[in-house]
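Residue numbers (our numbering), protein chains in the order written: chain F, 12 to 576; chain B, 127 to 675.
Don't take each hint at face value.
The list that follows gives simulated cross-link-like pairs (lysine to aspartate or glutamate, EDC-like), each with its CA atoms no further than 20 Å apart [stated by the list, open to error]:
| id | chain 1 | residue 1 | chain 2 | residue 2 |
| --- | --- | --- | --- | --- |
| 1 | F | K321 | F | E284 |
| 2 | B | K406 | F | E284 |
| 3 | F | K506 | B | D169 |
| 4 | F | K506 | B | D419 |
| 5 | F | K295 | B | D419 |
| 6 | B | K654 | F | E534 |
Just so you know, these hints were derived from the structure itself, not from any lab.
The lines below spell out each chain.
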Amino acid sequence: MEHIRTPKVENVRMFDKLTPRKCMVGTLYLSSTHTIFVENSEARKETWILHSLMSNVERLPTNPSGSPLIIRCKNFHVYRLLIPQEKDCVDVLASLTRLSHPERYGELFCFSFNPNLDKELREKAWAFIDLKAEFIRMGIPRNLWHATAANHEHRLCDTYPSELYVPKSVSPAVIVGSAKFRSRGRLPVLSYYHRDSSASICRSSQPLSGFSARSSDDEQMLQAIMKSNPVSEFMYVVDTRPKLNAMANRAAGKGYENEDHYTNIKLQFIGIENIHVMRNSQQKLIDVGDLVAPTMSDFLWGLENSGWLKHIKAVLDAGVFIAKAVAEDGVSVLVHCSDGWDRTAQACSVASVLLDSYYRTIKGLMVLIEKDWVSFGHKFSHRYAHLDGDPKEVSPVMDQFLECVWQLMQQFPCAFEFNERFLIQLHTNIYSCQYGNFIGNCQKERRDLKLQERTHSLWPHLWENRAEYTNPLYRNDHSQTQGVLKPLTTAYCFKFWKGMYGRAEKSVTSQSPADCLNAVREESQQLEEELSTHQEVPRETDAGQENCRAEGEDFRGEEEDQEVV
Amino acid sequence: MEFAELIKTPRADGVVLHRPFMPTVEGTLCLTGHHLILSSRQDNTEELWLLHTNIDSIEKRFVGSLGTIIVKCKDLRVIQLDIPGMEECLNIASSIEALSTLDSVSLMYPFFYRPLFEVIEDGWQLFIPEEAFKDLESMTDEWRLSEVNKDFSVCPSYPSLLTVPKDIDDESLCKAASFRHGGRFPMLSYYHKKNGMVMMRAAQPLTGTNGRRCKEDEKLINATLCAGKRGYIIDTRTIAIAQQAKARGGGFEQEANYPQWRRIHKAIERSNVLQESLIKLVEACNDQSHSMDRWLSKLEASNWQSHVKEILTTACLAAQCIDREGASVLVHGTEGTDSTLQVTSLAQIILDPACRTIRGFEALIEREWLQAGHPFQQRCAQSAYSNGKPRSEAPVFLLFLDCVWQILRQFPCSFQFNENFLIMLFEHTYASQFGTFLGNRVAERVKLQLSQKTVSLWSWVNRPQELERFLNPLYEPNNLVIWPSVAPQSLLLWEGIFLRWNRSTKCLDEAYQEMVHIIEYNKELQNKVNSLRRQLAQLETEDSPLQTP
Numbered sequence: 012m013e014h015i016r017t018p019k020v021e022n023v024r025m026f027d028k029l030t031p032r033k034c035m036v037g038t039l040y041l042s043s044t045h046t047i048f049v050e051n052s053e054a055r056k057e058t059w060i061l062h063s064l065m066s067n068v069e070r071l072p073t074n075p076s077g078s079p080l081i082i083r084c085k086n087f088h089v090y091r092l093l094i095p096q097e098k099d100c101v102d103v104l105a106s107l108t109r110l111s112h113p114e115r116y117g118e119l120f121c122f123s124f125n126p127n128l129d130k131e132l133r134e135k136a137w138a139f140i141d142l143k144a145e146f147i148r149m150g151i152p153r154n155l156w157h158a159t160a161a162n163h164e165h166r167l168c169d170t171y172p173s174e175l176y177v178p179k180s181v182s183p184a185v186i187v188g189s190a191k192f193r194s195r196g197r198l199p200v201l202s203y204y205h206r207d208s209s210a211s212i213c214r215s216s217q218p219l220s221g222f223s224a225r226s227s228d229d230e231q232m233l234q235a236i237m238k239s240n241p242v243s244e245f246m247y248v249v250d251t252r253p254k255l256n257a258m259a260n261r262a263a264g265k266g267y268e269n270e271d272h273y274t275n276i277k278l279q280f281i282g283i284e285n286i287h288v289m290r291n292s293q294q295k296l297i298d299v300g301d302l303v304a305p306t307m308s309d310f311l312w313g314l315e316n317s318g319w320l321k322h323i324k325a326v327l328d329a330g331v332f333i334a335k336a337v338a339e340d341g342v343s344v345l346v347h348c349s350d351g352w353d354r355t356a357q358a359c360s361v362a363s364v365l366l367d368s369y370y371r372t373i374k375g376l377m378v379l380i381e382k383d384w385v386s387f388g389h390k391f392s393h394r395y396a397h398l399d400g401d402p403k404e405v406s407p408v409m410d411q412f413l414e415c416v417w418q419l420m421q422q423f424p425c426a427f428e429f430n431e432r433f434l435i436q437l438h439t440n441i442y443s444c445q446y447g448n449f450i451g452n453c454q455k456e457r458r459d460l461k462l463q464e465r466t467h468s469l470w471p472h473l474w475e476n477r478a479e480y481t482n483p484l485y486r487n488d489h490s491q492t493q494g495v496l497k498p499l500t501t502a503y504c505f506k507f508w509k510g511m512y513g514r515a516e517k518s519v520t521s522q523s524p525a526d527c528l529n530a531v532r533e534e535s536q537q538l539e540e541e542l543s544t545h546q547e548v549p550r551e552t553d554a555g556q557e558n559c560r561a562e563g564e565d566f567r568g569e570e571e572d573q574e575v576v
Numbered sequence: 127m128e129f130a131e132l133i134k135t136p137r138a139d140g141v142v143l144h145r146p147f148m149p150t151v152e153g154t155l156c157l158t159g160h161h162l163i164l165s166s167r168q169d170n171t172e173e174l175w176l177l178h179t180n181i182d183s184i185e186k187r188f189v190g191s192l193g194t195i196i197v198k199c200k201d202l203r204v205i206q207l208d209i210p211g212m213e214e215c216l217n218i219a220s221s222i223e224a225l226s227t228l229d230s231v232s233l234m235y236p237f238f239y240r241p242l243f244e245v246i247e248d249g250w251q252l253f254i255p256e257e258a259f260k261d262l263e264s265m266t267d268e269w270r271l272s273e274v275n276k277d278f279s280v281c282p283s284y285p286s287l288l289t290v291p292k293d294i295d296d297e298s299l300c301k302a303a304s305f306r307h308g309g310r311f312p313m314l315s316y317y318h319k320k321n322g323m324v325m326m327r328a329a330q331p332l333t334g335t336n337g338r339r340c341k342e343d344e345k346l347i348n349a350t351l352c353a354g355k356r357g358y359i360i361d362t363r364t365i366a367i368a369q370q371a372k373a374r375g376g377g378f379e380q381e382a383n384y385p386q387w388r389r390i391h392k393a394i395e396r397s398n399v400l401q402e403s404l405i406k407l408v409e410a411c412n413d414q415s416h417s418m419d420r421w422l423s424k425l426e427a428s429n430w431q432s433h434v435k436e437i438l439t440t441a442c443l444a445a446q447c448i449d450r451e452g453a454s455v456l457v458h459g460t461e462g463t464d465s466t467l468q469v470t471s472l473a474q475i476i477l478d479p480a481c482r483t484i485r486g487f488e489a490l491i492e493r494e495w496l497q498a499g500h501p502f503q504q505r506c507a508q509s510a511y512s513n514g515k516p517r518s519e520a521p522v523f524l525l526f527l528d529c530v531w532q533i534l535r536q537f538p539c540s541f542q543f544n545e546n547f548l549i550m551l552f553e554h555t556y557a558s559q560f561g562t563f564l565g566n567r568v569a570e571r572v573k574l575q576l577s578q579k580t581v582s583l584w585s586w587v588n589r590p591q592e593l594e595r596f597l598n599p600l601y602e603p604n605n606l607v608i609w610p611s612v613a614p615q616s617l618l619l620w621e622g623i624f625l626r627w628n629r630s631t632k633c634l635d636e637a638y639q640e641m642v643h644i645i646e647y648n649k650e651l652q653n654k655v656n657s658l659r660r661q662l663a664q665l666e667t668e669d670s671p672l673q674t675p
C-alpha cells in the first residue's frame, strides 16, 4: 500500500474509444492490486483493471477540462481517463507506474489472490494436469523410450524439468555428454511421440559446434533418437531460425549440426525470426489497431508493414513441416533454435496440435501448454514482463502460438473443443499473474518460489467454467476432429485476429453465431431434461408404463449423441 | 439457325478436363448453341455443362499437336481443356469465342430454355409496382402513382409507373425530368414507417456551368419535407467530380436554390475504376505463390475493400439521416443507375427488416435495381477476366452483394437467407438460363417480351426444394435497425466469391452442416416437448374429476 499516494479520485471521466464524445463520470479507486472505476450512474457499473496487466500508463498535457491519462494493458485493452485535477493525475500516474512494475515476485497478485480454497483443494488443483500421465497417454513404447533421472534436482540442466524422456538405448554418459555439447545443457529429449507412425518430436537447444567442434555423445544421442523409430532410415533436424542467424551463431561457438558428423540426419531451416523482431512487429500491429478512423489502405498497409501475419505464417509453416514429416513420412524430428525455449516451443506445440486431436480439446491444450511451455522452461516471467526488467527480454512468443491455433480454428471450425474466448482467456492469464502457473522462468525457479504452496492453479478454474469456452460446433466423433490437420498456409488464409487486436471495435449490436448456437444447445439440454421428467410422470399410472420406458430409452440414445466430453 | 455457322467443330473426342477440386475427366467435348458440354460416358463422373455466356475469356496454348484451352468464367472459375489435334483445338477455341460474345439478346439462352419444373408461382408477376404502392398507401396518403412515363418517353430508364408526391402533377414531373440527367427526376425509393421520413433517388441535376435551376424540381423534392424540416442530399461523388460534371452540363444542387437541403459529398467510384479493381483483386487471389507481404500489398492495391467500405459508409450515412436525424434524404450520383442504387438499397437493408427476408430481398432487387434501371446487361457483359477494351462493364451489383454479405456476417441471425443466396444471385447476373437480368431497363425488357418468352429467376428460386439451400438456419426475425461496423478490420474479403475456386470449403461446409444439425435437433426436441406437454395437460384434465369428486 506504500505506493498508493491517492487511493480515491472523484469526478473522473472514462472515454469510449469508439465514440469519443461519449464518456462516463465516476470515481477512481486504487487498491494494491486493482484500479477500479465506479460509474456515478444508477447501475454503479464497475470496471476493474488489474495492475499487473497494465503495460504502460501515460499522462497527456493538461487541458482546460482536466488531465488525460491513458492506461494500456497487456491484453490490448486501452482505458482513457480524464482526471479533473492535474495533481491527482500526477499522483495516480506515479502510483500506477510503480504498481504496474513490480520488482519482486512477492509483489505479484498471485501471492495475495485468495479464492478461498482449503489446502487440500489447492493441492488437488495443482495436480489437475499430470505430465507423467500425458507421456503414458501418448503410448510411448517402453522398450524404446524411458524416463531418465539424469536431471534429478536439475543438476544436468537447470531450465529443464527434472524428469526427461530419452531413448532407452542411450547410456547416462551419453546423456551427460550430449547435455555438455548443447547450449545451456538443453539436450535432445522427447516432446511428443506419435503412436500411429512411431515417429517422435524431440527438442533441444543449438549444439556448441562452432566451426568444427563435435561431440560423439551428442552424435550418439541423435543416432539413438533416429533408431528409436524402427521404420525410418533418417531423421530431420529442424533449425527454426533463419539460416543466416544460425550461421552467425557459429562464430560464438554455437550454431547447428554438421551433416557430415551426424549420420543420417537432414537439416532443415525454417526461418522464424528472433524475439526482438517479433516484439517490434507486434507493436506495429497494436499501432494499427490504435489508428483513429483508418482508411482501408491505412489498415492493410499497416498490417503488411507490421509483418505480423508473415511471422504467424512462418510459425505455422514450421508446425506443418514437422507434422508432415512425422505423420506422412514417418520420420522423427529434432527441433531446436538457439536456446530451445521460444521458437522450439512454438514449432513443437503447433505440430502437436496438428498431429493429435487430444491437444484440440480444452483439457488437451492445457496439457500441451503445461508440457511444451511451462515444464520445458519457456521464460514466462521474462517474456511477458511479470517483473520490472530488461525490456529486450519481452516478446509475444506465446501470443503467436495462441494465434496459430486461432488461425487453424478458422480453417477447421469443428476440430477444436474450445472457442476463441478460451484462447483470449489464456492470453490474459499468461500476462496477468493472478494464478501461479506462469510465474517464473523454469520449473526449478517455480519450485524455489514454492508456488504450489503460495499460489493457486489456473487450470481447474478454467475447467470448471468450460461451458463458457466450448465451441458449439465441436463433436468428438466428427471427421474433422479425428486425425491430422493439414491446413493451407497460402497467404490469403491468414486473417487479422480481430477478437484479440481489435477488441475496441467490437460493435455492441453485432451477433456471434457461436453464441447463438450455444444458446440453442443450452435450450436443447433443458428440453432434454424436461423430456425426461415428462416421461417419468405417467410412469405412476400402470397403463402407460411400458410405452414410456421404451420412449425413455430412445431419448437416452439421443442424449449420448449430443454429449460433449 | 445461325448457331450452326458459328460451330466449326461440334465435337471432339479424347478431351481432358481439369477443374478445381475435381478429378480430371477424359471424354467427349460437344458444342451446342448455348453450352459447352464434356461427358465421359463413365457413370460416376460429373459432366460439365457450361453456358457460353459464362465464359469471360479463353487462352490457347500448344505443345506439339496437343492443344490446351484455358477457359476463364465469369463466376471466376478457371478450367482447362486439353484437346488433341491442333486444328480441332483452334476450331473449338474460335467457336467458343464467337458463341460467348454474341451481341444479340434474343439469341441468348433464356429464350431457348424450357424449365424442367412446373412453374407454380410466376416470378414475373411477383413484384408489381401497384402492389408495392398499396403497402405504401396503408401507411401514408402523401404519395400517388403516376403514369407519366407509361410509354417511357419522359425517362427511358424508369419503369412506367412511378411513385411521386401527391401534390406534384405530371406536367411538373416532365419539367423536373428535363432538368435531370437521363430524365431521372427524384422519385420515392423508401418510406421509413417508424418516423415517416423518406429516401428518394434521382440523377444529377443539369445545372451546367451557368447554374441553371428548375422550380419544378425544387418543388418536387421540397414536397417531401415536413414543414420546417431540413433534408439531406447525398451526392455519391466527391465535390471535385461533381464540379467537373458542370462542364458537361451536369452538376449538383446549389444551396441558394435548395435552402432546405444540406448536401453531403461522398466518394464512391465509377464503373471503370470498379472494373479495374475487380480484375486486380481476382488476379491477386488467383496467385497462390504470393508471399504474405505481396498478398497484402496486392489486396490493398486492388482497392476492392476500400470500395466496399465507402459504399457501406455512404449507405450508413443515408440510413442515419433517416432513422437518427429524422430527416428525408435524396441520393444521386451522375446517372443515378449505379452508386445511387448501391446506397439506396443497402440503406433499406439496414433500416427495413422486411428487406432481410428472401421475398423482401427479391423485391428490393426488383425495385431498386431492375425497375430502377440498373443496366445489368452492359455491366455484366464481362467479368474479372475481360482482356478487351473495357466498355461499360462494372461489378456494381457484385459490390452491392459484397456489402450485403458484410452485413450478413456481422448480423448472422438477422437474415432469412444465407451466403449461398448471394452467390447464386452473383452467378445469375452474369450468366443464366433465366430472363430476369437480361436487358438494361424496363423498356427494353418489355420490348423483348421477357415475361412471355423467358422464365423468371424467381419462379425457380422460390420453389421450396430450391429455397431450402438458401435459408439461414440462424434466422430470428429482428425488427431493429442494424448498424454495421465499417471499420477496416470489420470488413473481410468475401472468400465465398473470391477464393471459391482456390481453396476447398469442405471443412467450412461441414461446420455449416453441423450448425444446421444443432438447430434441427433443437426443433425436434421442441416438438417432442410440446406434444408431451399437451399430453400432460390432457391427462391432467382427465385426472382432475377423479381427484375432486
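Results for each hint:
1. K321(F) x E284(F): Roughly 10 Å separates the two Cα atoms, so the pair holds.
2. K406(B) x E284(F): Violated, because 31 Å separates the two Cα atoms, which is more than 20 Å.
3. K506(F) x D169(B): Violated, at about 41 Å.
4. K506(F) x D419(B): holds (13 Å)
5. K295(F) x D419(B): This hinted pair holds, its Cα atoms lying about 15 Å apart.
6. K654(B) x E534(F): The given pair, whose Cα atoms are some 13 Å apart, holds under the 20 Å limit.
Of the numbered hints stated above, those contradicted by the structure are hints 2 and 3, listed in ascending order.
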